[in-house]
Amino acid sequence: MRKTSTLKAYAFLAPFLVFFALVFVYPVLFGGYLSLFGQRGARMWWVGLGNYASVLTDPQFWGGFGLPAFLLFVQVPLMLLLGIIIALLYERIKHSRVYRLIFYLPYAMPGIVAGLLWAYIFSKSMSPFVPLLHAFGVKNPNFITYPSLPWILLIIILWEWTGYTSLILYSTLLSIPKEYAEQAQLDGATHSQVAYYIKIPLLKNTVLVLFIFNAIGALQVFNEPWILGQLITLSPNYTPAIYIYNEAFSYGAFTHAIAMGLVLAAVIFVISFLFLRRSTREMNVHA
Amino acid sequence: MAIRNYSRFVLVAAALILATIPLFANGNKESGAAASSAGSATQATGPGGYPAYTGSKADLTMWAWTSNENYSIDAFQKQYPDITVKWSNIGGGTAEYTKVLTATSAGKGLPDVIMSEYTFAPQFMEFGTFQPINKWVPQSLYEKYFPAVTLKWTAMDGKIYGTPQDSGAMTMVYRKDIFDKYGLTVPKTWAEFQTDATKLHAADPSVTMTTFAKNWILWPMGVVWQAGGKLFDYANGKWYIDFTNPTAKKVINYWGDQIKAKTVAADMWWTADWYKELNDGKSATVISGGWFPEWLQLNAKGSSGLWRVATMPQWDASNPHNGEMGGSGFYVSSQSQNPEAAALFVLWLNSAKESLTYLHDKSQLPILWAKNFTDSLAPSLMQTEYPYFGGQKITEPSVQSLKEVDTAFTALPVMDFVQSSMQTEMQKAIDGTESWDQFLQNWQDNVVSFMKKQGFNNLVVGSLPN
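As they're listed, the protein sequences go chains A and B. Numbering that gives the first Met the number 0 puts the first residue of the first sequence at 0, with every later residue one more than the last. Numbering that gives the first Met the number 0 puts the first residue of the second sequence at 0, with every later residue one more than the last.
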């Protein structure tokens, strides 16, 4: 009996597993093999772990983690906080469905289109905000400069992802039994006290998962800085992902780029693992 | 199945093998003869004095972004009926180079013919993307059709890899309406340019004399070239790097001083903002390659009729020099199975009179390197009036600019990094946090350490070959 049900399970999983093996497992393993070679053009020669040694001692590579760190420690917590507040508001306000849709739309917009949009918004001569700033006496505003770049990225990423995040948190809130809130309100709690003492603690697991996914996204960030690279010149190692891209596609050093990619993956894995383990330990303690 | 009679088997096999030897002998003799005859003056002549094609039917593929190449291709196919060419435009510049790098590394996927800007060709030569075509286009034949100076961009260590198409000989396009409005004279020297720039800034600070392209390596490279100098070169198997030579310092500080005085802007080119500025008349001149007039017509339609083309201001009016910004050549790829056909194609495409006429008229390339163009065709084009330039006959200053290019050098095989490191370092000089001399030094240090990291151990830093 059990055997057939296990077989059935695998049968259903098979399409995904095959796809996963072909598109994910095989390239990683083959790439790992290739990363043991030096390469220039079509010539390859054995270097063993030479590529990895070069990556681990490369200050340019580690320097690129500056922006992801900024996103990790500023953007992600900020976005989760905003997401929680918005999700709680979704429960309270009228026509919440309309707002849920509007805030979700940026996530549905293709990245290229969003990039073009933001390029125009931050353009010196064609931005719709320029006339507004002129009215306040600000001539020749230069939105995008090296110091302002992380904050611009913050705005763009928040715009892209907060709606999606709040929707996920909202769906978690829906699963909280209404009796908890009703009971507290009978005892005289205000809405904010209900939110703070009852709902937010119950969101903890979802917030944890969201934090890990967003942390991974922050460490791998590529799209948004790349798009802004059309408006301001970026250093080749602005983020690790951009550095890897340049190494492979601008200089043709593919095997070295593979080594970088695997090191980046290892860094992300270690951070996620440590964080997850610490949090599950906390959860188990509380439970 | 065992062999019954072993000795008989051996005898028959030996006989068969011996019988086939004459076939091999003939084959060797033929190819040997072909190898010795090609590359000498006794090469069989084909259509219009060009070499005959000695191979079998060939289908070539090409990656190129010049517009309307199909006219030249159709004409070529009539001259060489055994060769067909299929042309794809997979993107210009970097978009194509990424694919070229990937296909070279993968060992397959390259077309027979690849278009590449002269500055990026050395990278591909070093990378193994091209194959030499001396066998079918020896140097003597090459120099019959193209000036020897172009070998710095189409050959390395005596191996010729392709032929040059358009010239990026620098010209200055300027807004006649702005010059008239503020009483500026068309500068013939850089001193006059600086005077004009100061006058313009005093009259209207919102308009600058020109925009220094801070995100395009060819611009600073070109203005140094135009002064008779260079930043790098290749000779005798070594890459020479010297960004801090006196000519480079003189030129960069000339521009740095004007940027500081805000008479010249330092900004990104090729952005929507920049084209809008050109249309709106925020920039009085644009210093760029000879192909820029075509670009301008396509991207700044709003200012049609207001621009004119002039030759470059000179450091010494009695001793004119010029440099190049851009221009592309056509090269034969290392993965091509039909190198003879590809070699004959790139030779004919970029030098045959019929092809050059199409490249000039249909592809809108104003100046081409082939001797057939400068010597035969250009004179007849001198009278063409261009409405976008207010009816000016722009061929004349363009060809004059081409003739003033009398020096050449080979670009480094890491131009992508040279450009990106230039951008980040130059911003500090523009912001005033370091001097322009310091910018050149730091930029050079970055490039040298990068090349060493990429495995180049044949660098000479601090001097340049002649």
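If you're looking for bench data, these hints aren't it; they were derived computationally from the structure. Fair warning: there could be bad hints in the mix.
[Claimed, not checked] Some chain B residues flagged as far from chain A (calculated, every beta-carbon gap over 12 Å):
hint : residue
1    : Ser55
2    : Ala102
3    : Phe178
4    : Leu376
5    : Thr406
6    : Gln422
7    : Phe449
[As the list claims (entries may be wrong)] Covered stretches of chain A, going by a simulated chain B footprint (3 or more residues, C-beta under 8 Å):
hint : segment
8    : 35 to 45
9    : 251 to 259
These numbers come from a predicted model, not from an experiment. Note that CB positions come from ideal geometry on N, CA and C, so glycine has one too.
Practice prompt. Go check the segment 251 to 259 of chain A versus chain B for me, would you? Three or more residues, Cβ under 8 Å, otherwise it fails.
Written response: With 3 residues closer than 8 Å to chain B, the segment 251 to 259 of chain A meets the three-residue bar; holds.
Worksheet item: Against chain A, does B/Ala102 keep a CB gap of more than 12 Å to every residue?
Response: B/Ala102 not clear of chain A: closest Cβ-Cβ about 10 Å, inside 12 Å.
Worksheet item: Does B/Phe178 really sit off the interface, with its C-beta more than 12 Å from all C-beta atoms of chain A?
Response: holds (23 Å)
Discussion item. Quick check: do three or more residues in the segment 35 to 45 of chain A have a beta carbon closer than 8 Å to a beta carbon of chain B?
Written reply: Satisfied; 6 residues make the cut.
Item to complete: Check the non-interface label on B/Leu376: least C-beta distance to chain A beyond 12 Å or not.
Response: holds (38 Å)
Item to complete: Determine whether the non-interface label on B/Ser55 survives the test: each CB of chain A must be over 12 Å from its CB.
Response: Nearest chain A Cβ is 27 Å from B/Ser55, so the label holds.
Worksheet item: Is B/Thr406 truly not at the interface, in the sense that its beta carbon sits beyond 12 Å from all beta carbons of chain A?
Response: Fine: 28 Å to the nearest Cβ keeps B/Thr406 off the interface.
Discussion item. Would the non-interface assignment of B/Phe449 survive a Cβ cutoff of 12 Å against chain A?
Written reply: violated (9 Å)
Practice prompt. Please settle this one: B/Gln422 was flagged as non-interface, so is its CB more than 12 Å from every CB on chain A?
Written response: violated (4 Å)
When held up to the earlier numbered hints, the structure conflicts with 2, 6 and 7 and fits the remainder.
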